[in-house]
Amino acid sequence: MTDKQITGSSKAHRNGIEALSQKRNISERLRYIWKLLWNDKSGLIGLILFLIVVFAAVFAPMISTADPLDQNLKISKMPPAWHEGGSWEHPFGTDPLGRDLYSRVIYGSRVSLTVGFFGVLIAGGLGMIVGAIAGYFGGRVDDLVMGIINMILSLPYLLFVVFIAAVLGRSLLNIILIFGITDAPIFARVTRGEVLRIKELGYIESAVCAGARWPRIVFDHILPNLIGPLIVLSTFEMSAMIFYEAGLGFLGLSVPPSVPSWGNMLSDGRLYLQQHPWIATYAGLAIMFTSLGMNLLGDWLRDVLDPRRRRARK
Amino acid sequence: MFWIRVEGERENEEIVMTAVLEVHDLVTKFYTLEGIVHAVNGVSFSVNKGEILAVVGESGSGKSVTMKSLLGLISSPPGKIESGKAIFNGSNELGDLLEYSPQQLRDIRGGDIGYVFQDPGSTLNPIMTVGEQIAETILRHQVVSREEAYKKTLNLLEKVGIADPVTRYKNYPFQFSGGMRQRVMIAIAIACEPQMIIADEPTTALDVTIQAQIIDLFKKFQKELNIAVIWITHDLGVVAGIADRVLVMYGGRIMETAPVNKLYENPTHPYTIGLLGSLPRLNEDGYKRLVGIKGVPLDASKEIKHCPFAARCDYAFERCWNEIPKLAEIDPEHKVSCFYRVEKGGSQYDR
Chain L
1 MTDKQITGSS
11 KAHRNGIEAL
21 SQKRNISERL
31 RYIWKLLWND
41 KSGLIGLILF
51 LIVVFAAVFA
61 PMISTADPLD
71 QNLKISKMPP
81 AWHEGGSWEH
91 PFGTDPLGRD
101 LYSRVIYGSR
111 VSLTVGFFGV
121 LIAGGLGMIV
131 GAIAGYFGGR
141 VDDLVMGIIN
151 MILSLPYLLF
161 VVFIAAVLGR
171 SLLNIILIFG
181 ITDAPIFARV
191 TRGEVLRIKE
201 LGYIESAVCA
211 GARWPRIVFD
221 HILPNLIGPL
231 IVLSTFEMSA
241 MIFYEAGLGF
251 LGLSVPPSVP
261 SWGNMLSDGR
271 LYLQQHPWIA
281 TYAGLAIMFT
291 SLGMNLLGDW
301 LRDVLDPRRR
311 RARK
Chain U
1 MFWIRVEGER
11 ENEEIVMTAV
21 LEVHDLVTKF
31 YTLEGIVHAV
41 NGVSFSVNKG
51 EILAVVGESG
61 SGKSVTMKSL
71 LGLISSPPGK
81 IESGKAIFNG
91 SNELGDLLEY
101 SPQQLRDIRG
111 GDIGYVFQDP
121 GSTLNPIMTV
131 GEQIAETILR
141 HQVVSREEAY
151 KKTLNLLEKV
161 GIADPVTRYK
171 NYPFQFSGGM
181 RQRVMIAIAI
191 ACEPQMIIAD
201 EPTTALDVTI
211 QAQIIDLFKK
221 FQKELNIAVI
231 WITHDLGVVA
241 GIADRVLVMY
251 GGRIMETAPV
261 NKLYENPTHP
271 YTIGLLGSLP
281 RLNEDGYKRL
291 VGIKGVPLDA
301 SKEIKHCPFA
311 ARCDYAFERC
321 WNEIPKLAEI
331 DPEHKVSCFY
341 RVEKGGSQYD
351 R
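Same order as they appear, the protein sequences are chains L and U. Residues 1 to 314, numbered by our numbering, are exactly what the first sequence covers, in order. Residues 1 to 351, numbered by our numbering, are exactly what the second sequence covers, in order.
Hints in this document: simulated from the structure, not taken from any laboratory. A couple of the hints might just be wrong.
To be verified - As a list, the in silico DSS-like pairs of lysine-lysine whose alpha-carbon atoms are at most 30 angstroms apart: (1) K288(U) x K305(U); (2) K219(U) x K85(U); (3) K220(U) x K170(U); (4) K199(L) x K326(U); (5) K219(U) x K170(U); (6) K85(U) x K326(U); (7) K151(U) x K85(U); (8) K326(U) x K288(U); (9) K49(U) x K152(U); (10) K80(U) x K199(L); (11) K35(L) x K170(U); (12) K199(L) x K49(U).
Please take these sequences and the hints and turn them into a complete structure.
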């Protein structure tokens, strides 16, 4: 190493991005994250949309204007406030049973987020571990795991859901479990494929040559390197689960009809789309913006979590 | 203990050397769907403490497979070590590497035997800081606290010539140049004070000035820490600069072994002569065509019952096609496996 190289690279280092782990205090880290966000407006929009949904879910009782379950047939199918006949008491109007749509949209975010978050948590956790082990060990382990995965994937999805809903009843927990199990194979497949690629790379060989045991290699060296694709997949799957939950709700297979969920609201509004379109519209818009926000956020996270991409982005 | 008496080259006096590793008749094959690949066909050699042994040979001659077999790095299936012994004189005990349990092998790897790879661009985990990767190896093999491992790592970084180790500890591999990454790989290899380092073409991917620095670094540690180095390469120029002894491999067999100066002064095997003849030389005037070795490397998927080099050899005669030559001494340090040389005695090769 010549002196020139050292000064050259440390200068580049000063000018370039410093790794997050080098930031000592929290305010410095936050400022750094903010900088990364500000440089990528789509990530910022995604984060804002996502935070709005989370905020709505957490503070639903405070920001809603009425009890989402309160029925009042006298004001059934009232239009939104800015239409003729609407009132600011019910900003988005009311549904056929006279329930406040604004409050129902707010409360609906709870169901969607819970299903999306825990569904992905279960599916991702299961799929990642199983896929990583199958990919790393290969051979018979791989054959067995892939056999089970193909079996699950060959189950007719809707039939499976109807079956479980019929056996176990319609509840939030059941929906989460169904999504968690039926979606795990997708995570397992992606993880397995990535592990197959990464385990042939030089740094895995050098970890083996440094005497590392398999859990260390799989969980410390391989998995963190595929966090990028898995996070992108998670956000896609999360928004897909929100879609599916809405779809199942529309079919009447998701949470019980009394629970305010976006899918149930779509279902409620279906009959009145021609005359009273607002009943289904706001739930639909909520679904749309939630999944849009999550996709944008996922893309941004993928870039930020990978130091190489982080530099490229600047 | 395996004591071998050799003449001290540098001090010109008799010194006693200990073999760190003695390999006897190693055979490794790969059972693939297309047939059996005979990668290593009976290789025997030894490495002494503090010695640099260069293993040369063209691609596919079984250099890397030999070393990987020793460390249990051959994936099985398809690979299989058919026979052989590898007595390793490690820090704990004397034992046959080929009979070690996976657990024992893991302890040896990175502990008693370090490994440096060819391409420093891919041998470091891109999302782990450089320092963590060195500290990880230390924590794996030694009973030390995180704090001590951190300090040792800084010390190692400094030793391999990386300026400002405190900052560099927290850097990611992409912030390092190729030469610096190879220095980090060397730091990982020497982290646990090994008995031996296997360097698999460590300078091939580097440019010439960096090559020289890396070679100097190896020489320094070999002397300071008395580490044996097995240096796999096909660059005979590098060999001349670093090695104490040379092993020439072809077709999964050893063709010739000798101390480096003897090999260059008096190459004996036709293959070695061919290799040296294909090198450009600075001390020759005018234009001279480089002489290649005719023919193509041996096809390892066929089992052969004759000298592996016979098909490309200018001197092959009947016996070369009927028998496999064994390593024979032409003087105590110089062995060659060639019927022509052994049978037709002192006759010089005419080229």
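Verification of the supplied hints:
1. A hinted pair counts as satisfied when its Cα atoms are at most 30 angstroms apart, and K288(U) with K305(U) does not qualify at roughly 37 angstroms.
2. Only pairs whose Cα atoms come within 30 angstroms are accepted, and K219(U) paired with K85(U) is accepted, the gap being roughly 28 angstroms.
3. For the suggested pair K220(U) and K170(U), the alpha carbons sit about 26 angstroms apart, so the restraint of at most 30 angstroms is met.
4. Between K199(L) and K326(U), the direct Cα distance comes to roughly 39 angstroms. Violation of the 30 angstroms bound is thereby established for this hinted pair.
5. Only pairs whose Cα atoms come within 30 angstroms are accepted, and K219(U) paired with K170(U) is accepted, the gap being roughly 28 angstroms.
6. Among the hinted pairs, K85(U) with K326(U) is consistent with the structure: their alpha-carbon atoms are about 18 angstroms apart, no more than 30 angstroms.
7. About 39 angstroms separates the Cα atoms of K151(U) and K85(U), which puts this hinted pair outside 30 angstroms; it is violated.
8. At most 30 angstroms may separate the alpha-carbon atoms for a hinted pair to count; K326(U) and K288(U) exceed this at roughly 35 angstroms.
9. A C-alpha spacing of about 24 angstroms is found between K49(U) and K152(U), which places the hinted pair at or below 30 angstroms, so the restraint holds.
10. A distance of roughly 20 angstroms separates the Cα atoms of K80(U) and K199(L); the hinted pair therefore holds under the 30 angstroms criterion.
11. About 21 angstroms separates the Cα atoms of K35(L) and K170(U), which keeps this hinted pair within 30 angstroms; it holds.
12. Restraint check: the Cα-Cα separation between K199(L) and K49(U) comes to about 33 angstroms, which exceeds 30 angstroms; the hinted pair is violated.
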